[in-house]
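Protein chains: 2
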Amino acid sequence: MNDSHSYAETAEQHIPALRRTRIEPKRLVRVLPDEQAFQGWRTEHGGTIDAFASGDYAKGDSIVLDFGIHCVGYLTVRIGAAVGPADAPVRLKLIFGEMPCEIGEDFDSYDGSLSRAWLQEEIVNLDTVPGTYTLPRRYTFRYLRIVVLEPSRKFRITFPDIYVTHVTSGDPGRVEPLPESLPADLREMDRIAVKTLEDCMQTVFEDGPKRDRRLWLGDLRLQALASCRTFGSHSLVKRCLYLFAGLRLEGGKVPACVYEKPEPHPDDIYLYDYALFFAAALHDYYRETGDGQTLAELYPVACDQIRIGLERLDERGIVQDDETWYCFTDWRDELNKQASAQAVLIYCMKRALALARALNRNDDCNWLETEIERASKAALAELWRADAGFFVSGAEEQVSWASQIWMALAGVLDPVETTALMDRLFERPPGVGMTTPYMHHHLIEALFECGRRERAIAEMRRYWGGMMADGADTFWELYDPADKLSSPYGSNLVNSYCHAWSCTPAYFIRTYLI
Amino acid sequence: MNDSHSYAETAEQHIPALRRTRIEPKRLVRVLPDEQAFQGWRTEHGGTIDAFASGDYAKGDSIVLDFGIHCVGYLTVRIGAAVGPADAPVRLKLIFGEMPCEIGEDFDSYDGSLSRAWLQEEIVNLDTVPGTYTLPRRYTFRYLRIVVLEPSRKFRITFPDIYVTHVTSGDPGRVEPLPESLPADLREMDRIAVKTLEDCMQTVFEDGPKRDRRLWLGDLRLQALASCRTFGSHSLVKRCLYLFAGLRLEGGKVPACVYEKPEPHPDDIYLYDYALFFAAALHDYYRETGDGQTLAELYPVACDQIRIGLERLDERGIVQDDETWYCFTDWRDELNKQASAQAVLIYCMKRALALARALNRNDDCNWLETEIERASKAALAELWRADAGFFVSGAEEQVSWASQIWMALAGVLDPVETTALMDRLFERPPGVGMTTPYMHHHLIEALFECGRRERAIAEMRRYWGGMMADGADTFWELYDPADKLSSPYGSNLVNSYCHAWSCTPAYFIRTYLI
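Chains as they are written, first to last, in the working numbering: chain U, 1 to 514; chain D, 515 to 1028.
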């Protein structure tokens, strides 16, 4: 089989069941501006849930509930009437926030580049009071602000019951506890990472359950790694791989992301690195499962991505650069992607080669060995600056963290030189740094792989530990310790604060530290 | 049986089925300010539905659909994506209007005394695009404004299908056509009146399907009259009478209105005239149906209302006046209700007497005859001013249209004097006039009953014909030809433009003119 329809059918056969858990709010909070607090907002205790449930509210009242934990699910609220019977609909504004900033700031002032519709705000009109309402949309939040816009003058409203039905396809019971001997902060980091992954595990591995709620190949690859060490959801990884295989773009290209609803369909975005990662993700899946049927069925798609990737090489054997968003690598405007794209190509060809060997595809083995050698030699010849000890990227010969890290992961230099390169990064850090946890994942992976275990742990503590110190319930899409309001979208309100590509501390801790 | 629970059970056994009809929009319109137009707004053709269905829309676009007819029901809209795939939720504002003013004016400027939640405005976030959405609430409208708040920059949205599922418990097939010999304007008036009634006929006779959507006794009495001549929904009248009987307030008082949801319950409003109308409505129901079992079961409740009403008489035998909203009569601040309340008491006692006779309750007959005589004599002795030829009301001896009309309906004077009183109203009109179609109904009824058929028709043409000239699709809650923005609630936006108590031209035309 190598037709999209059959792939899509296999994907649909592996839709997981969702587990549902009732979560009730833990307390009321006040959200207050505070220059010292993360992103300028802190919470303080604002009352008990008992007081909330027995109180009554009039037009203009505003309450913030703290559910005490990051939730992904469906809100149910029971509304009652006090003083008099309800003689008109109740109109409420509901604002759901993963973070205090979403509760503290006014969404009407939002001017980010992504749709404001991602900001979780509803205005609801409820006709029947008393009544119990379950909102139809799924929300991702820890905090919920309720603004009472309209009861009539005749009555006051009450909230005798409110809860969220949390959903995930991950089974926390399958996650092995960590040994007590592991330092407490790393166990806590693992707990938060596992929770991050759990909340992104729905009927696909979503990138972020608040935003974008879709399946990206770059996120999938990291989630699959973490899942193997925690929830063991191989079936969900398989489903996602088949979705990508079933939803290829023109010319057989794997899209950067796909949507599940109303029926599975691809976005029109093709990213050079993400498409190549299909081979890497399939490699990781096969290594973990030994599932030869899936390997045989999806291998042609993986090979196609390599073939398509190779078409971008110029006569020197170097990935052609351009000004478009052709390759992801990291969220960093000034970053030139040429060198990292070259490295990702090599990295993925090496993994495709392992698959070709497993399938005894000798022709493919020869082809891949040749291409790996060509691309690696070209990288050394054209991008490596032995005098500086760094790889350069693009016409401006940019030196960035990303280029070095990806060349290290691709193994273009020999192991001793690779370790030296990674050490050099810290001794003489390039000016073009890293933005996302996604890029930081590759830093950590490269450090572990070249034997720099202590530095890897230190960097995890600096970066993910920084999020913890800043109050993360789940790990974030973006984190720049030097600019805590940073966002690639023009507003930190729309950043995702539970983001799949940030979950890999669980993978590192469980792969390298126990 | 005389217990609330049994009454309520009988009411529940008569919940009617709703008929559902699909209604599609007929055209696009523009709503434009125009000082010459009713309430300052007119519509003009803005495009075809084909153009709308094949167009695509971006952030900031605003479209007004005209469904061409007054609808009560559930909106279904199919949303598609054009240009690119939808990569974010769609956020729309939907504004439903019975009248152009609701579409033309900004609800955010509303400052009426009733809850803004009655204004039909939704902000919806739709996650799945393409997708078909049926909104959970029922709306009452002819016009629908769609404001595109948020698609992302990546795509434009389309509306390939949109319709309303209109609901009513009235069966238009049961309405007899009028003879062609009847003047065309009266046939048109009847058509609009029947449509008004149809749209208020849900699982109770609602007062207005936009607002308040509940069962008021004053409205029920008029709807039942019109229903007998049109839809013949005796079962729905029965259900409503049993609901009132089953939901009495302390002391056995019938409430002025009741709610159906979440389960039937009374409002805490008691109105002197409305409670007494229970007897009148039961009388009308029995006259039309001969349903002796219902009469026997509900008669005690009707008698109780008379008994409670009599308790308000002072030592002179006159209804005690006060400054509270104890009696409805009409929406008119300066109107004194004493005389009309006295007349309603007499009017209803006469109907209770007819019921007592039908049941051979001789003791009750004697009691009612005595009380009718006492109240009528007191009215003549204390409220009638023979020199002026009018009844007065309250300590200030106010002379109003309402007082004369109700005294005429109560038959306090003899028939010749009553006719003279009604003629005098037009020869020397009192300064305190009428506001509502509800009060105008009683004017017309009094004119027909005293033989002033031509004047009755002329007044119907002046008043309901005025609404027709002003563009009524259904007849309105309020209509003051001299002040077309008038509202008892501080804003004409919240007035109901399909209101049960305005449906009685169908009753008059079908009772007195054919």
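Since the hints were derived computationally from the structure, they do not count as laboratory data.
There could be a bad hint or two in this list.
DMTMM-like cross-link-like pairs, simulated, lysine to aspartate or glutamate; straight-line CA separation at most 20 Å [said to hold, decoys possible]: (1) 668(D) x 56(U); (2) 93(U) x 675(D); (3) 26(U) x 56(U); (4) 767(D) x 675(D); (5) 261(U) x 675(D); (6) 607(D) x 122(U); (7) 864(D) x 802(D).
Going by beta-carbon spacing under 7 Å, a handful of chain U positions derived as facing chain D [claimed, not checked]: (8) 39; (9) 91; (10) 117; (11) 262; (12) 264.
These numbers were taken from a predicted model, which means no experiment stands behind them.
Glycine included, every Cβ here is placed at the ideal spot set by N, Cα and C.
Hint check results:
| no. | hint | verdict |
| --- | --- | --- |
| 1 | 668(D) x 56(U) | violated (44 Å) |
| 2 | 93(U) x 675(D) | violated (29 Å) |
| 3 | 26(U) x 56(U) | holds (18 Å) |
| 4 | 767(D) x 675(D) | violated (50 Å) |
| 5 | 261(U) x 675(D) | holds (19 Å) |
| 6 | 607(D) x 122(U) | holds (11 Å) |
| 7 | 864(D) x 802(D) | holds (17 Å) |
| 8 | 39 | violated (23 Å) |
| 9 | 91 | holds (4 Å) |
| 10 | 117 | holds (4 Å) |
| 11 | 262 | holds (5 Å) |
| 12 | 264 | violated (12 Å) |
Of the hints listed earlier, those the structure fails to meet are numbers 1, 2, 4, 8 and 12, in rising order.
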